[in-house]
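Peer 1: Residues per chain, in single letters:
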Amino acid sequence: MFYRESGQFKTSYLADSQIFPIRQDRIGFAVLMAVAFIAIPLTGSEYWFSAILIPFLIFALAALGLNILTGYAGQLSLGTAAFMAVGAYAAYNFQLRIEGLPVLLTFILAGLSAALVGVAFGLPSLRIKGFYLAVATLAAQFFVVWALTKFPWFSNNSSSGVITAQQLNLFGIAIDTPVKKYLFVLMLVTVLAIAAKNMVRSSTGRAWMSVRDMDVAAEVIGIPLMRTKLLAFAVSSFYCGVAGALYAFCYLGSVEPDGFSLDLSFRVLFMIIIGGVGSILGSFLGAAFILLLPIFLDNALPPLAALLHLPFTNAAVSHIQLMVFGALIIFFLVVEPHGLARLWQIAKEKLRLWPFPH
Amino acid sequence: MTFFFEILIGGLLSGLMYSLVALGFVLIYKASGVFNFAQGAMVYFAALAVVGLMDKGLPMWAAVIGAFGVMVVVGISTERLVLRKLVNQPPITLFMATIGLSFFLEGLGPLLFGNEVRPINLGIVDEPIESILTRFNIVVSKFDLAAAGIAGLLVGTLALFFQYTKVGRALRAVADDHQAALSLGIPLQHIWAIVWGVAGFVALVAGMLWGSRNGVQFALTLTALKALPVLILGGFTSVPGAIVGGLIIGASEKLAEIYIPPVFQSAFGGNFGGIEGWFPYVFALLFLLVRPEGLFGEKHIDRV
Amino acid sequence: MAWKGVERGGDGQPVWSGASAVAGAAAELQGGVQAEHAQAQARQAGEVILDLQHISLSFGGVKALTDISFDVREHEIRAIIGPNGAGKSSMLNVINGVYHPQQGRIVFRGEERRKMHPTAAARQGIARTFQNIALFKGMTVLDNIMTGRNTRFRSGLLANALWWGPARNEEMRHRQKVEEVIDFLEIQAIRKTPVGRLPYGLQKRVELARALAAEPSMLLLDEPMAGMNVEEKQDMCRFILDVNHQFGTTIVLIEHDMGVVMDISDRVVVLDYGKKIGDGTPEAVKANPDVIRAYLGAGH
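Chains as they are written, first to last, in numbering that gives the first Met the number 0: chain A, 0 to 357; chain B, 0 to 303; chain C, 0 to 299.
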């Protein structure tokens, strides 16, 4: 009833290729932006910003990066956390060693550093595919963490590689309160998400998807495999690098290389599997899901255990969390391989028909 | 010079243990085309089952048999609940499902069997072999040798099994072409149950050996992850490849750990240990660039 | 139902039956078509655009092609026929660089090369379709066809990410061209459908559209009518002829349906066990005793 396309005709190709072709979607998106940029800063509590919204946005960005590489370009990567680490440490070093470097430039340079590392470890993708490539990205994961720990220069000679992020100043405004950090992160993530959406629906995105679906055919059409794959690695690592820098500067405050472990890489991979591989929206949905799930379990398990008269420990919670993650991955792969994003699409299609059944 | 040999032999022996884990991968990949990322978790789970059952009061031999039963159940459930539902999906989906499986097992294991670090006592001591020590002045651990022997025996048996028995042939047929094997009357589901059962047994042996050496703890899964470079070197479908790959990885990682850090240390100062953590992967990566299908693997040709 | 063959009208051009006739009649009413057909006839005799000399290709110990030589003239429709396993697909793969022959020369538009990368072949104006459909299953029909034009896009990553003026305009210009191909092949209704959901016949048509979107000078078609019913084959033939007549595209096609081959091709090459056993006009090849023995059988 409310979600109808009737009357919305497109009279130009430009109109047909909008991100939100249906007017109701555009209104919905505008409302969402208003809520995100205006309502939440005015009403949110510190806990919400620091513990939920900021990490959500940061992980969504990392998931976006991984989705570009694995979801759109079809190159499986288990090294996401390593690229985030490069971004974090690069941002720290740029801020540290170059006086008065503008904040935005710091983040761009951090992203570019991560992109360089990404391309270096992506070079093998020119000869190897599938799980072999996953193992190659594992090499990146372990090597980067080791290098950041062992070479004291990266952490300014601190012990065990811990760095404490400096305070950021954007155009004279200090980004020190949770609200300001939230707005800063929100701004960056929004811009990068829109850029990502633009990229994937353009010739760049089509090149990536063709390499993912059938690279032999892509070659025959004239798409340069090497350039396309390396570009995917570069862009993906850029996004992960910026996410890593934000992770250090606007979320944790201080990080160490071990904090960017294989475990984190898997978490981001789970986000895109559950959220929807090859979907921009899916990156956000998956990040929200993976982030909220532990909180949900923390709150739901104790009463459940009490109900079932089972003994309960903190360790048990983390074990159950692992089990739930694993089971959910399998569940989603079996039931809806395209993840939450596809479920959202199906819901919208049902909404178009509502209140009619078909 | 003797030091070099000591490291080399130690590396070769521990390499055979990697081979054991890699063997589990090869079995499952050969028979069902699935790259079972959960093999490491299975090793951990099996070891946990042994110590968990022993904690409940069972003597070791009973715990081992019980653990084997548990692994068989795990294998069959995996086949029925996960693989069967994902039959026509691309390999990458199956791979991601096994990642999910590994997380599931890594949670379930400690939940059922406890997560304290417990040792497994196999009765073999980690002491140098006297005769070799006195004659060549090289330290060769009794434990390492025994473990290598067990691993070698298992690998050899499986290699023969695949090559010469009816079931082994059926497994190879299934790995080559499911449809064709089906049309020949080979019962696919039974085969897969057998394969996952055998892989579970291999995981159990590996778990017991590794657990005996380092104690049964979560780090076991990371050790098992080292089997991946072994597979890359040896080829995903080759049992002898798993042996050779394991030997090479084991030896090279130990040698790298000893001989590379001093180079960095003299240049940069500081401590550069821990190369073992990434060296096998980088080594495998470089190897991949030269020979993507591994030493013994099959070359993959895309038909257009 | 046997292939009835193509009725030819008074001027020698194909006349189509059924629904296609309506479209054909409408097209004729638009005028200019008669002139185009006359032009097409004049274009028949073109220069040699592709010359294959003594091509030999083997995989390990298996000889796929042995000393094959033939040429293709511009604007003609050249068919390659032969029993299964004769090496026809391998021949196409050699032409567009997917396989590199161990011996022989390939001269395309006067330039000689033996080893060519398929990407380079695409840029030189060779497009092709595949026996087992090689569409990008994760994308819509429109995206698949747009991908066919990807090599012509000049916008880089940054321009695409910002979706600013020049990048946007370029995308719209190419969209315009792609829509023309979509109109030409009558697949407007399915342009937003993911290709994985389409029936086989339509998928083949989309693959043809993707090849055409690149505005190729030479089109290689590998069994474009495999698995189609009679009506679909008629449509596909009409499209192939239209492509050849309206755009002047040289077409090299592999096809098993002898009726189709005899009707639409200008010249035919016959392969058997990797060797060439016939080369000439359809009538000449049909009468060739070697060809009859190896391929056609006594019935024809």
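Hints are supplied without guarantee of correctness; some may be wrong.
Think about it this way: if two alpha-carbon atoms lie no more than 25 Å apart in a straight line, the pair counts; the simulated SDA-like pairs of lysine to any residue are [to be verified]:
#  : chain 1 : residue 1 : chain 2 : residue 2
1  : A       : Lys-128   : A       : Phe-265
2  : C       : Lys-114   : B       : Ala-266
3  : C       : Lys-191   : A       : Lys-149
4  : C       : Lys-136   : C       : Leu-156
5  : C       : Lys-114   : A       : Glu-45
6  : C       : Lys-285   : C       : Phe-246
7  : A       : Lys-347   : C       : Ala-188
8  : A       : Lys-180   : A       : Phe-330
9  : C       : Lys-191   : A       : Gln-23
10 : A       : Lys-128   : C       : Leu-156
11 : C       : Lys-176   : C       : Arg-153
12 : C       : Lys-136   : A       : Asn-197
13 : A       : Lys-149   : B       : Ala-266
14 : C       : Lys-176   : C       : Thr-192
15 : C       : Lys-136   : A       : Leu-229
16 : C       : Lys-62    : C       : Asp-50
17 : A       : Lys-347   : C       : Thr-139
18 : C       : Lys-232   : C       : Asn-131
19 : C       : Lys-191   : A       : Phe-170
20 : C       : Lys-136   : B       : Ile-91
21 : A       : Lys-180   : A       : Leu-263
22 : A       : Lys-128   : A       : Val-118
23 : C       : Lys-274   : C       : Gly-247
24 : A       : Lys-149   : B       : Val-289
25 : A       : Lys-180   : A       : Phe-170
26 : B       : Lys-84    : A       : Val-333
27 : C       : Lys-191   : A       : Glu-335
28 : A       : Lys-149   : B       : Ile-91
29 : C       : Lys-136   : A       : Phe-19
30 : C       : Lys-114   : B       : Arg-290
Everything labelled a hint here was simulated from the structure, so no lab data went into it.
Peer 1: Look at each hint and say if it fits the structure.
Peer 2: How the hints compare with the structure:
1. A:Lys-128 / A:Phe-265: Distance of about 19 Å is within 25 Å: holds.
2. C:Lys-114 / B:Ala-266: Violated, at roughly 47 Å.
3. C:Lys-191 / A:Lys-149: violated, 53 Å
4. C:Lys-136 / C:Leu-156: Holds, at roughly 24 Å.
5. C:Lys-114 / A:Glu-45: violated, 65 Å
6. C:Lys-285 / C:Phe-246: Violated: Lys-285 of chain C and Phe-246 of chain C sit about 29 Å apart, past 25 Å.
7. A:Lys-347 / C:Ala-188: Distance of about 22 Å is within 25 Å: holds.
8. A:Lys-180 / A:Phe-330: violated, 36 Å
9. C:Lys-191 / A:Gln-23: This hinted pair holds, its Cα atoms lying about 20 Å apart.
10. A:Lys-128 / C:Leu-156: Holds, because 24 Å separates the two Cα atoms, which is no more than 25 Å.
11. C:Lys-176 / C:Arg-153: Satisfied, since the Cα-Cα distance of roughly 16 Å is no more than 25 Å.
12. C:Lys-136 / A:Asn-197: holds, 21 Å
13. A:Lys-149 / B:Ala-266: Holds - the C-alpha atoms of Ala-266 of chain B and Lys-149 of chain A are around 13 Å apart, at most 25 Å.
14. C:Lys-176 / C:Thr-192: holds, 19 Å
15. C:Lys-136 / A:Leu-229: Holds. Lys-136 of chain C to Leu-229 of chain A sits at ~22 Å (cutoff 25 Å).
16. C:Lys-62 / C:Asp-50: holds, 21 Å
17. A:Lys-347 / C:Thr-139: holds, 19 Å
18. C:Lys-232 / C:Asn-131: Roughly 17 Å separates the two Cα atoms, so the pair holds.
19. C:Lys-191 / A:Phe-170: It is violated: about 45 Å lies between the C-alpha atoms, which goes past 25 Å.
20. C:Lys-136 / B:Ile-91: holds, 16 Å
21. A:Lys-180 / A:Leu-263: Status holds; Cα separation ~22 Å.
22. A:Lys-128 / A:Val-118: Measuring from Cα to Cα gives roughly 15 Å; hence the hint holds.
23. C:Lys-274 / C:Gly-247: violated, 30 Å
24. A:Lys-149 / B:Val-289: violated, 29 Å
25. A:Lys-180 / A:Phe-170: Holds, at roughly 14 Å.
26. B:Lys-84 / A:Val-333: holds, 6 Å
27. C:Lys-191 / A:Glu-335: holds, 21 Å
28. A:Lys-149 / B:Ile-91: With a Cα-Cα distance of about 34 Å, the restraint between Lys-149 of chain A and Ile-91 of chain B is violated, given a limit of 25 Å.
29. C:Lys-136 / A:Phe-19: holds, 23 Å
30. C:Lys-114 / B:Arg-290: Satisfied, since the Cα-Cα distance of roughly 23 Å is no more than 25 Å.
The earlier numbered hints that this structure contradicts are 2, 3, 5, 6, 8, 19, 23, 24 and 28.
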